[in-house]
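Protein chains in written order, with numbering that gives the first Met the number 0: chain R, 0 to 406; chain B, 0 to 406.
These are computed hints drawn from the structure, not numbers from a lab. Incorrect hints may appear among the rest.
Remember, identical chains collapse to one label, so a pair may be satisfied in a single copy or spanning two.
[To be verified] Simulated pairs of lysine to aspartate or glutamate, EDC-like, Cα-Cα distance not exceeding 20 Å:
1) Lys148 / Glu228
2) Lys95 / Glu230
3) Lys219 / Asp187
4) Lys219 / Glu32
5) Lys225 / Asp64
6) Lys86 / Glu125
7) Lys219 / Asp64
8) Lys219 / Glu35
9) Lys359 / Glu230
10) Lys225 / Glu35
11) Lys359 / Glu125
12) Lys148 / Asp187
13) Lys95 / Asp334
14) Lys219 / Glu265
15) Lys148 / Asp64
16) Lys219 / Glu125
17) Lys211 / Glu89
18) Lys211 / Asp295
19) Lys211 / Glu230
2 protein chains.
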Amino acid sequence: MTPPLAFLAASAEGVNLPLQMLLVFGTAKLLAEVSERLRMPGIVGGLLAGILLGPSVLNWIAYNDLLHALAELGVMFLLFQVGLEVKASELLNVGKTALIVAIVGVVLPFLFGWVILVAARHGQLEAIFMGAAMVATSVGITAQVLSAKGLLSHHTAKIILAAAVIDDVLGLLVLAVVSSMGEGRGIDFLGILTTALVSIGFVMAVVRYGTKTVNIVLPKILTQFKVQEAEFAVAVSFLFVMALLASYSGVAAIVGAFLAGMALAESASPRLHTLVHGSGELMIPFFLASIGLQMDLGVFRSGHTLALGIAVLIAAILSKGVGCGLGAWNLGFKDAARIGLGMVPRGEVGMVIAQVGLSKGSISQDAYAIAVFMSVATTILAPPLLNLAYRDLSPVPADDADPEEIA
Amino acid sequence: MTPPLAFLAASAEGVNLPLQMLLVFGTAKLLAEVSERLRMPGIVGGLLAGILLGPSVLNWIAYNDLLHALAELGVMFLLFQVGLEVKASELLNVGKTALIVAIVGVVLPFLFGWVILVAARHGQLEAIFMGAAMVATSVGITAQVLSAKGLLSHHTAKIILAAAVIDDVLGLLVLAVVSSMGEGRGIDFLGILTTALVSIGFVMAVVRYGTKTVNIVLPKILTQFKVQEAEFAVAVSFLFVMALLASYSGVAAIVGAFLAGMALAESASPRLHTLVHGSGELMIPFFLASIGLQMDLGVFRSGHTLALGIAVLIAAILSKGVGCGLGAWNLGFKDAARIGLGMVPRGEVGMVIAQVGLSKGSISQDAYAIAVFMSVATTILAPPLLNLAYRDLSPVPADDADPEEIA
């Protein structure tokens with residue numbers, strides 16, 4: 000309850016929240032509409048909304064804890080939804096190709112980033128951190144583009160998803176290595192081995208036994224539950240449990256969310272799909288906008304920073320695109336290109352590594368800004384590139400797709 | 000990405016959010032299940048979850064900005080959903096009864112609160128603030144109980160909703176009066192008249208012309224929009240616009256959310272209903288839990304405070320129940336009792352008034368704690384009382400209910 004006509008009191012009690020929600024959600028949807036009309040994926044609009052509202056252009060909204068939390072919820076629901084469309088067995092079938100895609104797609108970007116910064120006469124440690132920041136793919140944007148196109152069942156989509164999960168584990172190990180280097184201590188091989196075993200163990204356990212366990216346990220729970228929308232309540236609690244376990248085991252919370260969805264993929268009812276979709280529709284625009292909100296193009300006033308930023312961005316796209324593409328070369332050029340481009344977006348993991356480097360004094364403010372720019376720009380450029388790479392494919396229905404759901 | 004096996008690092012980056020979400024959402028749903036089995040509305044479980052996790056019992060979760068924001072989103076979606084089930088014309092039909100219900104239900108609680116505190120030898124100003132805190136009904140809980148019982152189309156439900164909207168405007172005026180008294184200045188009659196005109200004007204404009212305008216404008220917008228789930232995007236943006244306009248015009252954001260839903264009630268597709276329901280299912284548990292999280296039973300160690308707290312609580316229930324019941328006496332005892340009990344929960348508005356009093360030094364810390372306790376306890380006691388009052392009614396289908404939606 001604010002005073003009447005306090006039109007400008009945007010920070011007054013009770014006004015702030017609806018205003019923030021309206022600005023972010025409304026702008027994201029409006030620009031999504033503009034993007035669709037320009038024959039771009041709607042997701043581009045959400046990304047542009049963040050840039051427009053953030054420090055780069057209007058500076059109307061500061062990226063705050065609330066938006067960060069809504070963004071995290073958004074990307075968790077996005078990956079959960081994607082997981083619901085993917086069966087674990089399908090992911091295991093493409094495991095070998097995905098492993099090669101992930102490994103080549105980690106080595107090449109690291110080398111590119113390192114070489115560029117050394118060539119530009121930056122220090123060894125800073126060069127290593129930039130390479131590390133270029134390593135980890137953030138699969139949310141690609142998943143959203145393919146989901147909107149109805150292509151999550153395409154075999155390249157499955158390779159991308161499986162490779163992204165492996166890539167997250169590799170990124171975790173790279174982070175562990177560079178963190179200990181940033182602190183100036185030697186590499187803790189025992190610690191890294193533990194990290195590797197715990198994270199790989201968690202992921203493999205869920206991929207191999209998650210669906211079976213859920214298929215046995217869930218019906219027993221649901222027949223017991225009388226509460227309204229019991230399946231949604233159980234599924235969303237499971238999502239948060241898995242996100243939490245993923246964090247504890249070292250991998251990203253969104254990998255947990257994806258694995259949770261995948262474990263439920265065989266048992267999920269159409270009703271659950273729709274309710275999760277409803278939650279996601281509200282939250283995902285905040286994830287998209289948050290990416291642009293974190294970028295400040297104002298740092299590129301210095302010529303050296305601008306040149307280096309562009310060089311790093313091009314290297315980030317080429318190294319991941321070519322590296323992952325090479326890993327899937329046996330599928331032919333078209334599919335290899337699709338997979339390569341699908342792995343290009345870096346998103347939040349690159350930013351986390353840059354933040355670690357900055358907080359430990361291993362990299363300069365400028366190098367940090369470049370790493371953030373690289374993470375955001377690869378994410379924003381991916382949807383139009385993917386749109387191009389997948390333009391000649393029509394939607395692939397899932398094996399047991401529910402006709403009501405597709406309509 | 001946290002270190003492996005950091006099981007206890009609940010505040011570490013990335014772990015905090017899923018853990019908070021799991022604790023609040025999971026506990027609310029689990030206790031909802033327990034409530035259902037004890038033949039209580041599931042909503043009681045959500046309220047108890049807050050008490051259990053909050054300072055009164057386990058003290059595992061502090062009520063923070065994020066939970067507050069999720070709670071506000073939750074109650075906005077709750078009232079929006081309720082609005083979608085109610086037609087403006089139906090509300091106008093019960094306008095006269097609702098007006099009497101609201102007025103008697105404001106005068107009586109104010110008098111009761113004032114008399115009790117004066118009798119307990121508290122100061123005039125403190126007594127007036129306590130009376131004011133007892134004035135405003137928060138309709139969310141009642142709406143949720145009636146919605147879960149399929150009784151939103153019952154005529155008493157419509158009177159409760161209409162009276163709650165009027166009550167919010169009256170509460171706003173009471174707040175304006177006591178605020179100026181708390182600041183020690185005279186009552187600003189011109190300011191209060193402006194507040195009254197703006198808020199009443201806003202509400203009446205939406206109730207009278209909202210549906211017509213939406214019915215004309217919305218189809219034109221939707222035929223233009225190509226973005227996926229365009230109806231949801233437009234409806235949710237509209238929800239935030241109306242919540243914002245409501246705040247600006249002085250009434251609660253949730254009144255705006257309710258009016259937004261009502262304006263869309265005639266045009267909303269079943270798909271919109273389901274998607275909004277999906278968003279609500281995720282958010283509403285946070286609203287429920289937030290109520291209990293804000294209560295600290297620890298303040299009642301002093302005998303005087305405990306006695307006064309119980310007296311105020313009983314007065315709050317009786318005065319609203321009887322006052323609103325008297326206003327609807329012509330409907331017979333049963334319906335009058337239903338309406339009276341439906342108006343009992345005070346929720347956040349009473350807390351806002353108590354906060355104003357505390358911040359201006361008009362009331363003591365103890366009186367503040369009692370006002371918060373009264374707000375929370377009336378809200379928690381309402382669902383079982385409503386369950387009793389409505390036990391002999393079966394669900395009333397809406398006139399044009401979609402069979403798929405009800406199933």
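To see whether the hints hold, each was checked on the structure:
1. Proximity of Lys148 and Glu228 under a CA criterion of 20 Å is satisfied inter-copy only: 14 Å between copies versus 29 Å inside one chain copy.
2. Within a single copy, Lys95 and Glu230 get their C-alpha atoms no closer than 34 Å, and across copies no closer than 42 Å, so neither meets the 20 Å cut-off.
3. When the C-alpha separation of Lys219 and Asp187 is checked against a cutoff of 20 Å, the pair qualifies neither within a copy, at 45 Å, nor between copies, at 63 Å.
4. In this homomeric assembly, Lys219 and Glu32 come within 20 Å of each other (Cα to Cα) only across copies, at 15 Å, whereas the closest approach inside a single copy is 44 Å.
5. Taking the shortest alpha-carbon separations for Lys225 and Asp64, neither the intra-copy value of 36 Å nor the inter-copy value of 32 Å comes in at or below 20 Å.
6. Neither within a single protomer nor between protomers do Lys86 and Glu125 lie at most 20 Å apart by alpha-carbon distance, with minima of 40 Å and 63 Å respectively.
7. For the homomeric pair Lys219 and Asp64, neither the shortest alpha-carbon distance inside one copy (39 Å) nor that between copies (37 Å) is at most 20 Å.
8. Taking the shortest Cα distances, Lys219 and Glu35 sit within 20 Å of each other only across copies (18 Å), while inside one copy they are farther apart (44 Å).
9. When the C-alpha separation of Lys359 and Glu230 is checked against a cutoff of 20 Å, the pair qualifies neither within a copy, at 45 Å, nor between copies, at 47 Å.
10. Taking the closest pair of Cα atoms, Lys225 and Glu35 come within 20 Å of each other only across two copies (7 Å); inside a single copy the shortest separation is 43 Å, beyond that limit.
11. Taking the shortest alpha-carbon separations for Lys359 and Glu125, only the intra-copy value of 11 Å comes in at or below 20 Å, while the best inter-copy value is 53 Å.
12. For the homomeric pair Lys148 and Asp187, neither the shortest alpha-carbon distance inside one copy (44 Å) nor that between copies (59 Å) is at most 20 Å.
13. For the homomeric pair Lys95 and Asp334, the shortest alpha-carbon distance inside one copy (16 Å) is at most 20 Å, but the shortest distance between copies (68 Å) is not.
14. Only within a single protomer do Lys219 and Glu265 lie at most 20 Å apart by alpha-carbon distance; the minimum there is 15 Å, versus 40 Å between protomers.
15. When the C-alpha separation of Lys148 and Asp64 is checked against a cutoff of 20 Å, the pair qualifies neither within a copy, at 32 Å, nor between copies, at 37 Å.
16. Proximity of Lys219 and Glu125 under a CA criterion of 20 Å is satisfied in neither setting, with 54 Å inside one chain copy and 55 Å between copies.
17. When the C-alpha separation of Lys211 and Glu89 is checked against a cutoff of 20 Å, the pair qualifies only within one copy, where the shortest distance is 14 Å, while the shortest distance between copies is 51 Å.
18. Within a single copy, Lys211 and Asp295 get their C-alpha atoms no closer than 46 Å, and across copies no closer than 44 Å, so neither meets the 20 Å cut-off.
19. For the homomeric pair Lys211 and Glu230, the shortest alpha-carbon distance inside one copy (17 Å) is at most 20 Å, but the shortest distance between copies (38 Å) is not.
The structure is inconsistent with the numbered hints 2, 3, 5, 6, 7, 9, 12, 15, 16, 18, although it conforms to all the rest.
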